[in-house]
Amino acid sequence: MYDLAEELFPIPRSITGNGVRQTLSIIKRELPLLKIREIDSGTKVFDWDVPLEWNCNDAYIITPEGKKITHFLKNNLHLVGYSVPVNRTISLNELNDHLYSLPSKENAIPYVTSYYKKNWGFCITHKERELLKDGQYKVVIDSTLEKGSLTYGEIIIPSDSGTEKEVFLSTYICHPSMANNEISGPVVTISLVKFILKNRDRRYKYRIIFIPETIGSIAYLSMNYSEMKRNIVAGFNITCVGDSRSYSYIPTISGDTLSDNALKHTLKHNVDNYITYSYMDRGSDERQYNSPGIDIPVACFCRSKYGEYPEYHTSLDNLSLLSPDSLYESYILLKKTILCIEDDIVLKSLILCEPNLGKRGLYSNISQVNSRRPISKNILDIISYCNGDRTLLEVANIIDISMSEIKKIATIMISNKLVEVCNNNVNDLY
Amino acid sequence: MYDLAEELFPIPRSITGNGVRQTLSIIKRELPLLKIREIDSGTKVFDWDVPLEWNCNDAYIITPEGKKITHFLKNNLHLVGYSVPVNRTISLNELNDHLYSLPSKENAIPYVTSYYKKNWGFCITHKERELLKDGQYKVVIDSTLEKGSLTYGEIIIPSDSGTEKEVFLSTYICHPSMANNEISGPVVTISLVKFILKNRDRRYKYRIIFIPETIGSIAYLSMNYSEMKRNIVAGFNITCVGDSRSYSYIPTISGDTLSDNALKHTLKHNVDNYITYSYMDRGSDERQYNSPGIDIPVACFCRSKYGEYPEYHTSLDNLSLLSPDSLYESYILLKKTILCIEDDIVLKSLILCEPNLGKRGLYSNISQVNSRRPISKNILDIISYCNGDRTLLEVANIIDISMSEIKKIATIMISNKLVEVCNNNVNDLY
Amino acid sequence: MYDLAEELFPIPRSITGNGVRQTLSIIKRELPLLKIREIDSGTKVFDWDVPLEWNCNDAYIITPEGKKITHFLKNNLHLVGYSVPVNRTISLNELNDHLYSLPSKENAIPYVTSYYKKNWGFCITHKERELLKDGQYKVVIDSTLEKGSLTYGEIIIPSDSGTEKEVFLSTYICHPSMANNEISGPVVTISLVKFILKNRDRRYKYRIIFIPETIGSIAYLSMNYSEMKRNIVAGFNITCVGDSRSYSYIPTISGDTLSDNALKHTLKHNVDNYITYSYMDRGSDERQYNSPGIDIPVACFCRSKYGEYPEYHTSLDNLSLLSPDSLYESYILLKKTILCIEDDIVLKSLILCEPNLGKRGLYSNISQVNSRRPISKNILDIISYCNGDRTLLEVANIIDISMSEIKKIATIMISNKLVEVCNNNVNDLY
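Residue numbers (the numbering used here), protein chains in the order written: chain A, 1 to 430; chain B, 1 to 430; chain C, 1 to 430.
There could be a bad hint or two in this list.
Claimed, not checked - Dumping the calculated DMTMM-like pairs for lysine to aspartate or glutamate here, alpha-carbon to alpha-carbon at most 20 Å:
1) B/Lys335 <-> B/Glu405
2) C/Lys335 <-> C/Asp260
3) C/Lys147 <-> C/Asp260
4) C/Lys417 <-> B/Glu394
5) A/Lys268 <-> A/Asp256
6) A/Lys377 <-> C/Asp281
7) A/Lys359 <-> C/Asp49
8) B/Lys377 <-> A/Glu94
What the hints assert, rightly or not - Output of the computed footprint for chain A on chain C, the stretches with three or more beta carbons under 8 Å from beta carbons of chain A:
9) 39–52
10) 246–254
To be verified - Computed, partial: chain C to chain A, Cβ under 8 Å:
11) Asn273
12) Tyr277
13) Met280
14) Arg287
15) Gln288
16) Pro292
17) Gly293
18) Ile294
Derived by calculation from the structure, the hints in this document are not laboratory data. In this text the structure is predicted, and so the values were computed from the model without any measurement. Ideal Cβ positions, reconstructed from N, Cα and C, are used throughout, including at glycine.
One chain only, chain A, in its complex shape (with noise of 0.2 Å):
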């Protein structure tokens, strides 16, 4: 994952344009299954117009003694996204109503955009803005904003159980040279679809997107919602997922659903801790899968979650912020979340009253103090509450082992035909 971090990391994106679709033939390389679509520039999606698309070759400053500044091919983000093109001279007076720098972070290069306002601007760490002399600055944009389109990746699973009900994963593509904001998402998610696709007797259908954010987003719900809607029991917004600081969960409006109980459950069996934060902190495409008639329940999973650590959003949150067993870690968790969710079947006792485990041979006919072996503990507490109406996922919570734990208890004790799988909205894999 880290190699291909690095393969996405240099390359100039926006939300339109070439470096898009650059982004996405690379995950193409990596996922065959994957669908390139463009949607034209102006088509009314919601609230929005699709914009123009934007590309640019090269854009820099020359100050007055000459020297080349904020090149635009040396790092991507020394350009204000949708920078509309410029070629002139000017007072370094006018020039600063144009340039973003950060007091606070000198060595920093912010990421700024401005993709619905014709405007254009440099970014610069403030340590070099505090360097420039009055003077004469030759700005060079070499940009186009024309029609053209906006351009997403999809990949469709069939479920192996016939069910239309699918699992939905949502990333961004979007940002330039950004690594836990950006990169660490779509590497995250390939290796996840590479594992649903090796996953055999999937439950579930799975719908999974590479988007430019909140854009994007609002693009694809437009042509897709009411069709998520009506199938769609748990989604996952895959955002900042690189670095080794922490682990945050924001949950759906409800903070109930099986998207929340799947991946709150994962977390807390396979993390030391980690951060809950409210609906309120939202601030990715969880906005738009969970807004009022949409209604699609979509958490989103981060490591140290976008707004909240200090390189966010800057030439600072570069690759060194990744490592390869952060972001395997993050795969891992999400892979347990999927797995969660595709194991959360309804059991019903097939016996009235406790089961005779020992003509089974599953548990000691001996009985004496502290003697009781954990299988048999552990198959009569999950049998006590396997009504036929608690899924899986309730029985482990209530009595506190992992999904993974349960399940391998739950295929003991169905082969035993101790219990049945209830149908439960799909057809079963068991």
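Given the structure of chain A, go ahead and fit chains B and C onto it with the hints provided.
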């Protein structure tokens, strides 16, 4: 308000009689809409009978030394309420059976009544009582207790929306010269009614009553409860609202009605702290309104609650306990509570997914770390919860802003066609 | 009760056999209503078969030195329950595979059984075991394991109200000479049944069973569960009720049934503190009653709970753990729990607004600070919640008084026609 309190304070009120009439005539001078009504003595009102009317011209004791003490015309607390006429000379021993004083508060004249058992008595400071010497005491009570009526005042203010749904206010006018636990209630209620009358576009009808406590609310309910039960959406008993030591809230029996929610919200956003009592601590007319079969959701608002401050039901509860500021603060708090109810509409988002605030001039088009302006953040937070089901008060509580703030933002949202007002029991004003 | 415990203690009980019959015949002497019933060995009861009947005349080991040890007739814990007949001379090495002792409690004979696997063994204090020397040991077990029956006792006490709704009590009679975890249960239950029989105007029918644990409750349920499920409103498993160290409550699976509420209320108002276990801590017959498909709400009451005290399942759980006082306290607590259920009627106010207690002589007509008498305050509090929906236990919990107190006040309220009893599933006694 304080001047009016001074004017009303000395009037010798009881649950019936000319003191009540005199009090109501002053209230009618302030609120010409007031209807003064009489209910005949002996009228059956639920489990009770309207008592005989009681009036007193004068009452006093002449000591063996010829000194006139416990003079009703000097302080009407000296006479036990509803004392029958007496004109006798008796021993100190016999007199003592009819004297009431508080050893623990030796300078206080206690407030004592005997409405439903024929009796007579005088209330005296314990200090003065201790000086009484053996000998013959002349006792004069020039009172009448005869068929007459119970007097109360009622104001009905129609809604501007055409709805019959109403907000209900109740306060009492049956205590003689006491300040916090009597006069503060009517004077704050008078100001509140003046505000309601000035408030244009009243969504609700208003019913305000000035009654003797207990028998008055029982009598009033016996004539009006089915209509009240059908129409009242929120109600408040207003008593003990004149001192400055605390704010108190006594919930309705269920504790989760609009009355409770509006009062708690207003207290939370407007005062530093307040005491939440239990419904078990009720003691005034909220007892009647919330009783089984009546079921009208009336909460009670006080500063220092009846029964909970040292001067309660004694001559120490005098005008020095009140201040113009405290009365005004109580008025403002109740006014905001009423506005909270008036403004508690239901909004529904008119837009699927997030609205484009930029094209409406409600959002900066340049995005940068920390650049979000509060108004756009608030709009996006509010609209996230406007699902046509939650009321504005519920949304305000979720995003933790006051009703006055959310009202302003909601007005902008409505005029920008981001949300619409849902029909919500009453015609809407927007 | 203690005398009866002494009489029952030495009997060599197991899940079947003459020890059970002897125990039940003593219980029948105390409770002539008891029906003693037999179920044939081999009878299918849900997932189990009724086991062969086991009896033992004598059992012991003769050491190489000729000493008779682990003598069954001296302490019936010495023999592993359901040991097959043996008459052999074996080496210490082979013997050791059949000896059970507790190194951590060197003076305790452990309690061991092997009901469902043919086996034999002796239980011995670890201290004695350590003294055994190499050599040949003569092992004698004069037992029989053959077709016979499982024996249990049942008492059905009809209701006086004509209802079929019932209260259910279960206790077990299958452990040999142990005191808290065996004998305390039946002796307290016997006293409780005597109380129920004396109690006139029983609102409910009662079903009381004396059974071997686990197989007995499973067998009993297999014959009776549909009737029980239909009729039982509350039930208790009574075990380990003889020591004085604590009070324990194990909830039903849902934790909010009448069984739970009545037991918790009674504990709260009658003992200083008690331990609330989780349903996850269940271990006795409540497991069967609450299991899926059976769904009979049986809570469990203990003093020191099985498995949670050091003497549990050893010879140290002897009569010295019991005291007449502890048995009596347990009896009183269960008696009050049953009265709580009997008295848990639904009252409805017959009066709109507050009743006039004065005219009924229930209230002083002179009102003065702090003059309220508790009875009137309690009446007014209770009637405030008597809406024809809440049960008396719910009202008692709201106003925080005990059922015995509220019962007395409710009786006064009913006779004063302040409230009426609502029909509430069963015929009412008032």
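Among the hints numbered above, which are violated by the structure, and what are their numbers in rising order? 3, 4, 8, 10, 11 and 12
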